[in-house]
Amino acid sequence: MSEGSGTDAGHHGTGAAPEAGNPAAGAWAAKLWDAVAAGDEPSAVEVVLAALDAGSDTESVLLDVVGAVQARVGAEWAANRLSVAQEHAATAINDRVVAAVGRHAAGARSGPPRGRVTVACVDGEWHALPARLLAQVLSLRGWQVDYLGAQVPTPHLIGHLHRTAPDAVALSASLVTRLPVAHAAVTACQATGTPVIAGGAGFGPDGRYARLLGADAWAPDARSAADRLSRGLPPPVADHQPVDDLPHLADQEYTLVTRSATALVGAVTAGLENRFPAMRDYSEQQRHHTAEDIAHIVDFLGIALYTDDEELFTGFLAWTAGILTARGVPAASLLPALDLLTVELKDFSRALALLAAGRGTVAALVSPPPAAADGPTA
Amino acid sequence: MVVSREPTPYSDVPGGVALDTAPYPVLLLSGNGSLLEASSSARTLLGNLPAGEPDALGDVAPWLARAHRDMVVAGSRPDTDVRGAVGDRSVRARASARTDGSVVWWLLDDTEQRLAEQALRVERERTAFLAEASSKLLASLNVERCMDVTAQEAVRRLADAAVVIGPRSGHRMRFVSCVRDGRPVAGTTGAGPDTLPGLAEALQGFPPVPSRWIDPTSAPDWLVPEGFGPVGSLVVTPLPGHGVPAGALVLLRHGDREVFDEAEEVFARLFAARAGAAVSAARLYAEQASITETLMRELLPPTLKQHGGIEFAGGYRPAGERDRVGGDFYDVHPDAGPDGETLAVLGDVCGKGLEAAVLTGKIRNTLHALLPLAGDHQRLLRLLNQALLTSPHSRFATLVLASARRLGDTVVLRVSSAGHPVPLVIRSDGRVEQARTRGTLIGVLPEVTTTTDTVTLDRGESLVLFSDGIVEARGGPLGNALFGEDRLRAALSACVGMPAEAIVEHVQMLTSQWVGGRRHDDMAVVVVSVPHGARLSMVGGTGRGRYTA
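Protein sequences, first through last, are from chains A and E.
Counting in the numbering used here, the first sequence runs from 138 upward without gaps.
Counting in the numbering used here, the second sequence runs from 29 upward without gaps.
Quick caveat, the hints were computed from the structure, so don't treat them as lab data.
Glycine residues also receive a C-beta, built at the ideal position from the N, C-alpha and C atoms.
Incorrect hints may appear among the rest.
Ranges of calculated distance between the beta carbons of each label pair, as one might list FRET restraints [as the list claims (entries may be wrong)]:
1) D194/A / K333/E: 27 to 33 Å
2) G279/A / G218/E: 26 to 32 Å
3) S397/A / E151/E: 49 to 55 Å
4) V386/E / A216/A: 45 to 51 Å
5) G512/E / R240/A: 36 to 42 Å
6) D194/A / G512/E: 47 to 53 Å
7) K390/E / S397/A: 40 to 46 Å
To be clear about the criterion: a stretch of chain E counts as covered by chain A if any three or more of its residues have a C-beta under 8 Å from a C-beta of chain A, and this derived list gives those stretches [said to hold, decoys possible]:
8) 310 to 324
9) 522 to 528
Take the sequences, apply the hints, and build the full model.
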């Protein structure tokens with residue numbers, strides 16, 4: 138496990154499969170992937186410029202070539218075949234590729250001038266490329282676009298809305314762990330009278346979290362987001378109160394679990410050391426990895442409490458089990474950590490239900506059940 | 029009551045005086061609806077109904093005649109009172125049936141109550157409207173949007189069309205007009221405010237003027253929305269601002285609509301007061317935001333790019349979540365020093381927030397002025413130290429300078445630290461080394477001493493400058509561990525051959541995740557890289573690569 142991802146493979150939700158009518162895009166995407174995977178930026182730029190010179194539509198190059206490659210970068214990362222650093226390198230190259238496409242297309246707008254739209258990633262969201270692709274596509278389609286980039290603090294976003302009064306905000310989140318922040322951002326944008334269209338894998342493969350958090354619209358990819366925006370979004374419902382979306386938060390479990398997250402991680406780590414004396418001989422690095430893995434479990438437990446969505450937690454654990462297996466660590470090592478969390482959170486009924494479901498998911502994946510795991514994740 | 033105590037034949041009904049003592053108007057109707065008896069108060073209310081004529085009541089109070097017929101047919105008393113109008117009065121009626129088929133109707137004139145209820149309903153609607161309009165108006169601090177909302181809300185309740193006119197900017201007046209069930213449309217006019225009586229004063233915000241009735245035929249063309257038709261009535265209301273003129277609201281009604289009455293005009297003024305407050309608050313915010321933007325522009329970290337085949341990238345996260353600037357800064361100056369060297373600077377001023385940022389601005393300006401001396405880091409730092417010592421600010425700063433130039437496929441850097449965390453070098457084999465430079469911080473001692481290291485970078489290698497906010501970031505899974513230089517080195521060793529932006533982003537992401545939602549210091553990082561690929565001149569800059577002729 139490294140930084141928390143969505144539960145689906147490929148956390149870059151804006152990337153789209155090649156369009157049916159454009160088989161060439163698939164071939165260009167394969168070439169671009171080779172260049173990006175090799176870290177060869179000049180070749181990567183050459184591939185897209187060649188695609189454009191061969192007559193490919195600019196929007197299609199952005200979405201079906203660059204977007205498709207970026208989706209693959211995300212999928213490779215989620216499958217533990219790319220490190221976080223490699224993912225950053227690949228994304229940086231793709232980012233420059235988008236810039237090259239943007240320069241090539243400068244001034245080439247199609248369609249009548251449209252309104253103004255702000256494109257931003259929620260605070261703490263580093264994956265800017267899906268939002269950047271959308272910004273480029275909207276700009277190509279005649280919108281006046283203010284692209285605010287990655288991790289935009291909500292106060293900055295709201296200040297921008299007051300200054301520019303756009304017709305809509307397109308808000309991107311690739312990580313489900315950003316949902317509480319996204320919720321605050323959605324509500325704050327709507328409070329200024331600006332409707333919000335949500336996008337990115339963080340909002341769920343079917344946009345369920347966008348609906349849950351009261352976004353005015355959701356789109357699975359940049360193309361449909363642009364289509365949806367062109368039909369116009371209705372003004373947001375006045376006086377949208379965040380707590381109305383999530384009445385279950387009244388039980389305070391999310392707040393209490395999140396606030397005590399570091400204490401929980403400490404208690405579970407200590408508990409594991411008691412159960413597995415071998416852990417005391419772990420290196421600093423191994424201890425750190427163990428604590429980090431537990432912190433991710435607690436993070437996702439918190440988000441599952443926030444959204445009241447059991448699948449979010451069990452999906453994350455199933456994904457983690459897969460990664461651990463790939464790393465050569467038995468997935469069963471997750472079970473003692475879940476058990477210790479169950480002891481720590483004995484007064485929290487929703488958290489207990491989530492942990493029980495999570496335990497069931499991991500247990501079902503571990504077959505036949507091993508007699509005893511060597512130690513927890515490391 | 030005598031009439032209901034026992035069945036009595038018609039001839040025995042106490043008439044005249046007895047009926048007149050009843051507290052309410054009373055009617056006695058036969059089964060077929062003709063009048064048998066009426067109290068004098070009933071006669072006053074209904075007029076002189078002729079007795080014995082079944083249709084007579086239907087002419088005066090058809091609703092009562094109908095209720096009577098229904099009751100005779102049903103043979104029982106209706107559960108509730110019936111209600112209707114008699115002339116301009118509102119009347120409630122309650123029946124008592126008699127065994128001979130005749131019915132006594134007790135009437136109650138509730139006109140005053142009805143009027144009071146109606147006034148209450150109107151007041152409630154107006155209050156609800158004002159509350160809703162206020163919350164819509166308060167939602168935005170954008171002047172145009174506030175004007176849009178003002179026009180939209182005005183046509184929802186007050187008029188068939190509304191025009192919101194903003195203060196003059198330049199030679200033209202900006203306005204927003206909206207017709208009922210339409211969308212607000214922005215426009216400008218070159219016509220002067222004196223084309224509409226009362227407008228000039230309203231736009232000046234002085235002297236205070238009440239709403240004004242205008243002869244509807246004198247409405248200037250620019251004011252009347254297209255296709256609106258003849259204007260029936262028109263009123264100009266100033267939008268009172270908070271010492272800032274907010275503009276004027278013009279309400280228009282069609283010719284076939286009734287003109288504004290006094291109560292409506294008072295109500296329009298109440299609405300205008302709210303709209304004016306919102307518009308002027310938005311105007312003040314816009315002015316402040318524009319001032320901040322202008323002053324801030326000089327303090328924001330610059331966007332870095334490639335110079336002379338060397339990649340530069342920088343990233344900055346201020347300590348305050350709401351801040352955009354702080355005590356860390358960086359700059360890249362091309363052509364500073366001998367052989368076309370590019371100078372990268374990263375520094376850290378003691379303190380946080382805007383005050384520290386102002387000092388970073390001074391240091392950046394001073395450094396800019398000293399650029400011709402960038403060939404000698406020691407001398408440049410000495411002069412900067414003297415400038416800081418003589419400035420009224422009592423703060424000190426740490427700084428690292430890196431002068432880079434290309435030499436064939438490599439990049440040669442002169443690196444000097446003045447009390448700053450020592451830059452790290454990422455080698456192509458994944459080793460991470462410290463540059464060998466040490467020095468005293470500046471702005472404290474009369475003399476500063478530094479040593480300058482010379483670092484040579486091959487393709488795919490990078491130099492990383494960072495502020496102490498990076499290594500001193502506290503957090504991690506257990507909440508209170510330092511991020512530390514070891515972790516930074518481990519992260520950087522995975523960054524061989526990566527584009528400079530990717531390294532910056534990688535470091536920023538790792539440290540941000542490390543601190544999570546906790547407090548942290550300003551964090552800045554600048555990376556100088558030799559691009560991995562061969563054709564250096566065609567990437568990252570503004571050129572188009574091999575397609576550029």
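Verification of the hints:
1. D194/A / K333/E: 27 to 33 Å: holds (29 Å)
2. G279/A / G218/E: 26 to 32 Å: Given range 26 to 32 Å: holds, Cβ gap about 29 Å.
3. S397/A / E151/E: 49 to 55 Å: With a Cβ separation near 52 Å, S397/A and E151/E satisfy 49 to 55 Å, so the hint holds.
4. V386/E / A216/A: 45 to 51 Å: Given range 45 to 51 Å: holds, Cβ gap about 49 Å.
5. G512/E / R240/A: 36 to 42 Å: holds (41 Å)
6. D194/A / G512/E: 47 to 53 Å: At roughly 49 Å between Cβ atoms, G512/E and D194/A fall inside 47 to 53 Å, so the hint holds.
7. K390/E / S397/A: 40 to 46 Å: Holds, at about 45 Å.
8. 310 to 324: holds (count 4)
9. 522 to 528: This one holds; 5 residues, not fewer than the three required, reach chain A with a Cβ under 8 Å.
This entry satisfies every hint, going by the numbered hints stated previously.
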